[in-house]
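K.L.:
Residue-level listing of the chains:
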Amino acid sequence: MKRTWKILLMIISAVPFLGGCWNQKELTDLAFVMALGVDRGENGHGYKLTFQIVNPGNVTTGQMGGGGGLPIAVYKSSGVNLTDASRNATKEVSRQLYYAHTNVVVISEKLAKKEGISNILDALDRDPVFRTTTQIIIARGTTAEEMLSTLTILDKLPVNNITKSLDVTENMLGENTKITIDDFISGFVSKGKHPIANGFTLVGKKNKGKYKSNIDSTIPEVIIKTDGLAIFKKGKLTGWIDGKEARGAVWVLDKVKGTDVNIDWNGKNNAINLITLRSKTKVTAIVKNDKPVITVSIENEGNVSQADLPIKLTDPDVIGKIERKMEKSIQKEVLGTIKAAQKQRSDIFGFGDVIHRTDPKLWKQLSKDWDNRFADLQVNVKVDSYLRRSGIRTNPFSVDLK
Amino acid sequence: MDTIKISSFQLFVLVFLFEMGSAIVVGIASGLKQDAWIAVLLGMAGGLLLFLVYHRLFSYYPDLPLTGYVQKITGKFIGSILGFLYIVYFIYCASRVTRDIGELLTTTIYTNTPLFIINTLMILTVIYAIHKGLEVLARVGELLFMMVYLMAFTGFLLVVFSGLIHLENLKPILENGIMPVIKKTMGETITFPFGEMIIFTMILPHLNEPKKAKFVCLSGMILSGINIIITTIINIASLGTDLIIRSPFPLLSTISKIELMNFIERLDVFFMLYLVIGGFFKITLYFYAAVLGATELFKFKNPGKLSFPVGFIVLFASLTIASNYAEHIKEGLKIVPIYLHWPFQIIIPMMLLVIAFFRNRKKKQKTNSDQTSKSEMSPANQ
Numbered sequence: 001m002k003r004t005w006k007i008l009l010m011i012i013s014a015v016p017f018l019g020g021c022w023n024q025k026e027l028t029d030l031a032f033v034m035a036l037g038v039d040r041g042e043n044g045h046g047y048k049l050t051f052q053i054v055n056p057g058n059v060t061t062g063q064m065g066g067g068g069g070l071p072i073a074v075y076k077s078s079g080v081n082l083t084d085a086s087r088n089a090t091k092e093v094s095r096q097l098y099y100a101h102t103n104v105v106v107i108s109e110k111l112a113k114k115e116g117i118s119n120i121l122d123a124l125d126r127d128p129v130f131r132t133t134t135q136i137i138i139a140r141g142t143t144a145e146e147m148l149s150t151l152t153i154l155d156k157l158p159v160n161n162i163t164k165s166l167d168v169t170e171n172m173l174g175e176n177t178k179i180t181i182d183d184f185i186s187g188f189v190s191k192g193k194h195p196i197a198n199g200f201t202l203v204g205k206k207n208k209g210k211y212k213s214n215i216d217s218t219i220p221e222v223i224i225k226t227d228g229l230a231i232f233k234k235g236k237l238t239g240w241i242d243g244k245e246a247r248g249a250v251w252v253l254d255k256v257k258g259t260d261v262n263i264d265w266n267g268k269n270n271a272i273n274l275i276t277l278r279s280k281t282k283v284t285a286i287v288k289n290d291k292p293v294i295t296v297s298i299e300n301e302g303n304v305s306q307a308d309l310p311i312k313l314t315d316p317d318v319i320g321k322i323e324r325k326m327e328k329s330i331q332k333e334v335l336g337t338i339k340a341a342q343k344q345r346s347d348i349f350g351f352g353d354v355i356h357r358t359d360p361k362l363w364k365q366l367s368k369d370w371d372n373r374f375a376d377l378q379v380n381v382k383v384d385s386y387l388r389r390s391g392i393r394t395n396p397f398s399v400d401l402k
Numbered sequence: 403m404d405t406i407k408i409s410s411f412q413l414f415v416l417v418f419l420f421e422m423g424s425a426i427v428v429g430i431a432s433g434l435k436q437d438a439w440i441a442v443l444l445g446m447a448g449g450l451l452l453f454l455v456y457h458r459l460f461s462y463y464p465d466l467p468l469t470g471y472v473q474k475i476t477g478k479f480i481g482s483i484l485g486f487l488y489i490v491y492f493i494y495c496a497s498r499v500t501r502d503i504g505e506l507l508t509t510t511i512y513t514n515t516p517l518f519i520i521n522t523l524m525i526l527t528v529i530y531a532i533h534k535g536l537e538v539l540a541r542v543g544e545l546l547f548m549m550v551y552l553m554a555f556t557g558f559l560l561v562v563f564s565g566l567i568h569l570e571n572l573k574p575i576l577e578n579g580i581m582p583v584i585k586k587t588m589g590e591t592i593t594f595p596f597g598e599m600i601i602f603t604m605i606l607p608h609l610n611e612p613k614k615a616k617f618v619c620l621s622g623m624i625l626s627g628i629n630i631i632i633t634t635i636i637n638i639a640s641l642g643t644d645l646i647i648r649s650p651f652p653l654l655s656t657i658s659k660i661e662l663m664n665f666i667e668r669l670d671v672f673f674m675l676y677l678v679i680g681g682f683f684k685i686t687l688y689f690y691a692a693v694l695g696a697t698e699l700f701k702f703k704n705p706g707k708l709s710f711p712v713g714f715i716v717l718f719a720s721l722t723i724a725s726n727y728a729e730h731i732k733e734g735l736k737i738v739p740i741y742l743h744w745p746f747q748i749i750i751p752m753m754l755l756v757i758a759f760f761r762n763r764k765k766k767q768k769t770n771s772d773q774t775s776k777s778e779m780s781p782a783n784q
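Line order of the protein sequences matches chains R and Y.
The first sequence begins at 1 in the working numbering and counts up one residue at a time.
The second sequence begins at 403 in the working numbering and counts up one residue at a time.
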């Protein structure tokens, strides 16, 4: 009798530890979706999904390309909405799709322009497995399917190519910035802000990217490249801003980490190049005669990185003059971006939110017609630049040439 | 029963864990958007005042729990009925908390596990704890208190260093005036979690230094209140007002946003650990209050024996009180505070205090006159 009790007790005491095994999934039964692509369905009905699934055996280091197969496999499926399409995929994929490691959601430009993406966001927002840190990008001038099936040479997993190049442009160039699904939705919901998303494009022969030959040559036939920022209005893509204009937007959003600015000197164009190490942006609003005025104040700190003409960089007065020129140049750039956004009537900077915070009563009137109010909003840009050092040389060698 | 004694630090720990319990997990007063923390602050102030009421009652009857002195104050018949209702209330609250924890676990990580299994495991652990008694529970509390604090502190640092805090999200303060905040305070935050201190009226008689009860409980409430406020502020600052309304568990969303140096991320396990610890203490204390009340009321000798039947009631109530999450939350936010928390936490204790005040004044006058007559006599003896 005592023995039976003991055995029973042991079985019962095992119960709490086994509770976690209810949902148990073996690694070999899971397909890790690294990136999810969303395209427009046939004839504009529903959605076509593309799954970039990691092929674990072929990613391990040391294989050096040869021998093993491709690091990823790309599957497609379609359905009336995201969940439907994802479940339909099981007809082809032999494993359960697992989204906890999805880093990127790629949406094709066509879909974003024609139908808008409001119908796909909720599925991404609601699913407990999906990470809130997942980034959202737009496949510009191509489809999500082509984007996700392109192999990349430096990063075995093409999705890392996307996330890393976003990271690195944010740090070195400042024309793009990480935008997660959360950021996007909060811009979508807010009345005083329009969301933006990073654009990516394919350069080269688009249909060649899926073959191994693409990574067998030193110059790949197709590469994935960041390309501008997409502006959204009511869930639909309405326009793009590129290059320096995009950098201006990133500057206002206080996301610039490092970048470079060229200035003219003594009539020579782009004679001096300056790099930014740190930058801080503050946006404030003042209400004057019931009219809001936005002030964008940017403070940045940098070094001289290149001077292609004889100039005395040892002279603090000269440095001061360069600083003033740099300030002017940044100011012009940022104002240009703001003008461009005002033309499109899209407040991508969240100026509306700033007014909401400073004067909630005034905002109640303005928010009804914010897009038009934003178009003729008065915005001042104030820039303070500080140049600290000039590399490991003082004056450029051209001073000695004289 | 009288042999059970806990130290004042142990009581402090229990108050702290109980108050933090599920309040940190669910988005408390989140309907107020950026002003939620003000409602928590006001709720804490109200809760402290309420506790003074409970403490006054305790100081009138330092040896009796709530269900005991209810009978002394209102008489045997009404007192027994009230005592019984309190027991039912405690059981109901315990099952609500169980459901909260179960729902959270099933929506986030155990998505395919039935609620029944998760709640059963929780209740079995709670029954075991009750069987061991309050002293053991208090000691476990001391251990886990350190752990919770360490986790909370690490979590706080990680959130700050991941650059998630955007204090501008807290503005504009009091956008729609103070009225919505006061309404929310009255309807929600004063009762949950601060008014729930009512269960400590059952435990206070077991304190080994009754004089410290007031100080210990108030400081426990203040500390946990501050923590809840800080958590609310962090949630608002890092999620923004729109996301906080859509998140049933804002803290979970905040924690899953932590991304430090590309390798410290996906720390949801912090949250789950806290949730299970906090939930465990909240359920256990409610449960214990119910068991104590029942032993007192029905003159049971051994409170441990009641833990199984009460446990099953809690378990089945936790599964049947609502058929889905939306219903559970609606009951919790709209119905329970007004029809249950207000009468049991605020109205009945206040009435009891008024009656007790008059009864004890009479008694005091009597004893006072006895003392004066004695003191009049004493000089003669000298």
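There's no promise every hint is true.
[Stated by the list, open to error] Derived lysine to any residue pairs resembling SDA-like cross-links, with alpha carbons at most 20 angstroms apart:
| id | chain 1 | residue 1 | chain 2 | residue 2 |
| --- | --- | --- | --- | --- |
| 1 | R | K255 | Y | I519 |
| 2 | R | K257 | Y | S725 |
| 3 | Y | K659 | R | P128 |
| 4 | R | K321 | R | A340 |
| 5 | R | K332 | R | L173 |
[What the hints assert, rightly or not] Derived, one-sided and incomplete: chain Y residues facing chain R with beta-carbon distance under 10 angstroms:
| id | residue |
| --- | --- |
| 6 | K474 |
| 7 | L572 |
| 8 | P574 |
| 9 | E577 |
| 10 | N578 |
| 11 | M581 |
| 12 | L641 |
| 13 | G642 |
| 14 | N664 |
| 15 | R668 |
| 16 | H730 |
| 17 | E733 |
Keep in mind that the hints were calculated from the coordinates and are not lab data.
Given the structure is predicted, the values throughout are model-derived calculations rather than measurements.
We treat Cβ as the ideally placed atom computed from N, Cα and C, and that holds for glycine.
K.L.:
Could you tell me which of the hints above the structure violates, numbers in ascending order?
P.N.:
Hint check: 1, 2, 4, 6, 11, 16 and 17 fail, others pass.
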